[in-house]
Amino acid sequence: MKSAVGSVKNNTLSLIYTDFKEITKAKLAISVVFSSIAGYFLGAYQINLVSVLLLTFGGYCMVGASNAYNQVIEKDLDALMNRTKNRPIPSGRMSVKTALTIAVTLTVLGVLSLLALSPKTAMFGAISIFLYTSVYTPLKTKTPLSVFVGAFPGAIPFMLGWVAATDDFGIEPGTLFMIQFFWQFPHFWALGWMLDEDYKKAGFKMLPTGNKDKGTAIQIIFYTFWMIVISIVPVFGITGRLQLSIVAAAIVLLAGLVMLFFAFGLYEKRDNVSARKLMLASVTYISLIQVIYVIDKFVS
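The numbers in this note's numbering rise by one with no breaks, and the one at position 13 of the sequence shown is 13.
Careful, some of the hints might be misleading.
[Claimed, not checked] In silico BS3-like cross-links for lysine-lysine, where the CA-CA straight-line distance does not exceed 25 Å:
(1) Lys200 <-> Lys277
(2) Lys201 <-> Lys142
(3) Lys25 <-> Lys75
(4) Lys212 <-> Lys142
(5) Lys269 <-> Lys205
(6) Lys201 <-> Lys212
(7) Lys25 <-> Lys201
(8) Lys25 <-> Lys205
(9) Lys75 <-> Lys200
(10) Lys200 <-> Lys269
(11) Lys277 <-> Lys297
(12) Lys21 <-> Lys75
(13) Lys201 <-> Lys214
(14) Lys201 <-> Lys75
(15) Lys27 <-> Lys97
(16) Lys75 <-> Lys85
(17) Lys97 <-> Lys25
(18) Lys120 <-> Lys297
(19) Lys142 <-> Lys200
(20) Lys214 <-> Lys269
(21) Lys201 <-> Lys85
(22) Lys269 <-> Lys212
(23) Lys214 <-> Lys277
(24) Lys212 <-> Lys85
(25) Lys21 <-> Lys142
(26) Lys85 <-> Lys200
(27) Lys277 <-> Lys212
(28) Lys75 <-> Lys120
(29) Lys214 <-> Lys25
(30) Lys27 <-> Lys75
(31) Lys25 <-> Lys142
(32) Lys85 <-> Lys205
(33) Lys85 <-> Lys97
(34) Lys214 <-> Lys200
(35) Lys75 <-> Lys205
(36) Lys85 <-> Lys142
(37) Lys25 <-> Lys297
(38) Lys142 <-> Lys75
It should be emphasised that the hints constitute simulated quantities derived from the structure, not laboratory data.
Kindly generate the complete structure, drawing on both the sequences and the hints.
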């Protein structure tokens with residue numbers, strides 16, 4: 001009997017844990033935290049473990065809160081799409097009240113954690129939540145420009161780490177912001193291309209032309225090109241303390257050209273397979289260049 005009760009408790013805890021990961025989009029949140037930590041390492045004169053832990057915890061809370069608010073707002077639309085109908089709220093496993101409680105709690109904990117680092121860090125974190133939930137989310141059913149708006153909160157994490165380390169916003173974090181800002185477009189349009197049919201069930205307008213056509217593919221190529229340009233600008237010594245060696249810049253350029261290759265592949269074939277290749281290349285690219293930037297700082 002005790003064994004059965006223990007098994008039920010374990011299953012319940014497992015479901016709660018799984019639903020928490022889903023409502024906060026754990027994989028996405030972890031990738032965002034990774035970007036923030038990379039930015040912190042780039043900006044810090046000396047690594048402070050407490051600051052890294054605060055940034056990690058606060059960053060996860062802020063992203064998790066944004067995702068929880070998003071799923072509350074879009075609960076009815078999520079129920080219409082195959083990729084989201086089994087999320088905690090539309091599936092009925094979690095109530096809206098519980099989701100909101102999680103979102104508010106994470107918001108408070110996130111802001112307090114980032115505030116312990118610096119007021120500027122907390123401010124940018126709060127701005128990212130506001131833009132994501134109050135501007136980007138409602139615009140998704142109104143206009144393809146939602147992706148442009150969403151690129152702002154999406155580009156904050158890399159920059160946020162630098163601000164957390166220095167309590168300063170200048171050319172360096174601005175450059176980190178621009179790298180991730182331009183990266184957002186090929187990444188999300190590739191994803192939007194793959195999920196276009198599903199998105200349209202909910203009325204989401206994610207592709208710039210509204211269709212999986214040459215116009216969308218051309219814009220993907222355009223933004224990928226500028227992403228590459230911004231990513232290698234630090235090699236010219238015009239971005240303050242944010243610098244790249246020639247070797248590191250060459251690697252970053254090569255990684256960008258690989259991504260551009262897949263962007264042209266999508267233009268030529270205009271199919272979901274090509275879009276998936278580009279999406280995967282974009283995920284690899286952003287993580288790779290962040291690692292390269294950090295390694296280059298400490299070995300140059």
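To see whether the hints hold, each was checked on the structure:
For a cut-off of 25 Å, the pair hint linking Lys200 to Lys277 stands: about 22 Å separates their Cα positions. A hinted pair counts as satisfied when its Cα atoms are at most 25 Å apart, and Lys201 with Lys142 qualifies at roughly 14 Å. A C-alpha spacing of about 15 Å is found between Lys25 and Lys75, which places the hinted pair at or below 25 Å, so the restraint holds. A C-alpha spacing of about 18 Å is found between Lys212 and Lys142, which places the hinted pair at or below 25 Å, so the restraint holds.
The suggested pairing of Lys269 with Lys205 holds, with an alpha-carbon distance near 22 Å, which does not exceed 25 Å. At most 25 Å may separate the alpha-carbon atoms for a hinted pair to count; Lys201 and Lys212 meet this at roughly 15 Å. Our distance criterion of 25 Å between C-alpha atoms is met by Lys25 and Lys201, whose separation comes to about 22 Å. Between Lys25 and Lys205 the CA atoms are separated by roughly 21 Å; this keeps the pair inside 25 Å, and the hint holds.
With a C-alpha separation of about 15 Å, the suggested pairing of Lys75 with Lys200 holds against the 25 Å cut-off. Between Lys200 and Lys269, the direct Cα distance comes to roughly 22 Å. Compliance with the 25 Å bound is thereby established for this hinted pair. With a CA separation close to 30 Å, the supplied pair Lys277 and Lys297 exceeds the 25 Å bound. Taken as a hint, the Lys21 and Lys75 pair is honoured in the structure, with Cα atoms around 17 Å apart against an allowance of 25 Å.
For a cut-off of 25 Å, the pair hint linking Lys201 to Lys214 stands: about 22 Å separates their Cα positions. With a C-alpha separation of about 14 Å, the suggested pair Lys201 and Lys75 falls inside the 25 Å cut-off, and the hint holds. Between Lys27 and Lys97 the CA atoms are separated by roughly 24 Å; this keeps the pair inside 25 Å, and the hint holds. Between the alpha carbons of Lys75 and Lys85 the distance comes to roughly 9 Å, so the proposed pair stays at or under 25 Å and holds.
Note on Lys97 and Lys25: the hinted pairing holds, with a Cα-Cα distance of about 18 Å set against a maximum of 25 Å. Taken as a hint, the Lys120 and Lys297 pair is honoured in the structure, with Cα atoms around 24 Å apart against an allowance of 25 Å. Between Lys142 and Lys200 the CA atoms are separated by roughly 12 Å; this keeps the pair inside 25 Å, and the hint holds. With a C-alpha separation of about 10 Å, the suggested pairing of Lys214 with Lys269 holds against the 25 Å cut-off.
Taken as a hint, the Lys201 and Lys85 pair is honoured in the structure, with Cα atoms around 12 Å apart against an allowance of 25 Å. Between Lys269 and Lys212, the direct Cα distance comes to roughly 11 Å. Compliance with the 25 Å bound is thereby established for this hinted pair. Distance hint between Lys214 and Lys277 is fulfilled; the C-alpha atoms sit about 17 Å from each other, no more than 25 Å. Of the pairs offered as hints, the one joining Lys212 and Lys85 holds, with about 24 Å between alpha carbons and a cut-off of 25 Å not exceeded.
Restraint check for Lys21 and Lys142: not satisfied, since their Cα atoms lie roughly 29 Å apart, outside the 25 Å limit. Pair hint Lys85 plus Lys200 holds up; C-alpha atoms about 14 Å apart against a cutoff of 25 Å. Distance check on the hinted pair: Lys277 and Lys212 sit about 15 Å apart at the alpha-carbon level, within 25 Å; holds. With a C-alpha separation of about 32 Å, the suggested pair Lys75 and Lys120 falls outside the 25 Å cut-off, and the hint is violated.
Proposed proximity of Lys214 and Lys25 is contradicted: the alpha carbons are some 32 Å apart, above 25 Å. With a CA separation close to 20 Å, the supplied pair Lys27 and Lys75 stays within the 25 Å bound. For the hint pairing Lys25 with Lys142, the CA-to-CA distance comes to about 24 Å; that is within 25 Å, so the pair holds. Straight-line distance between C-alpha atoms of Lys85 and Lys205 comes to about 18 Å, which keeps the hinted pair within the 25 Å bound.
Taking the CA atoms of Lys85 and Lys97, the gap is about 18 Å. The hint holds against a cut of 25 Å. Among the hinted pairs, Lys214 with Lys200 is consistent with the structure: their alpha-carbon atoms are about 19 Å apart, no more than 25 Å. Between Lys75 and Lys205 the alpha-carbon distance is near 17 Å, which keeps this suggested pair within the 25 Å criterion. For the suggested pair Lys85 and Lys142, the alpha carbons sit about 21 Å apart, so the restraint of at most 25 Å is met.
Pair hint Lys25 plus Lys297 does not hold up; C-alpha atoms about 31 Å apart against a cutoff of 25 Å. The suggested pairing of Lys142 with Lys75 holds, with an alpha-carbon distance near 17 Å, which does not exceed 25 Å.
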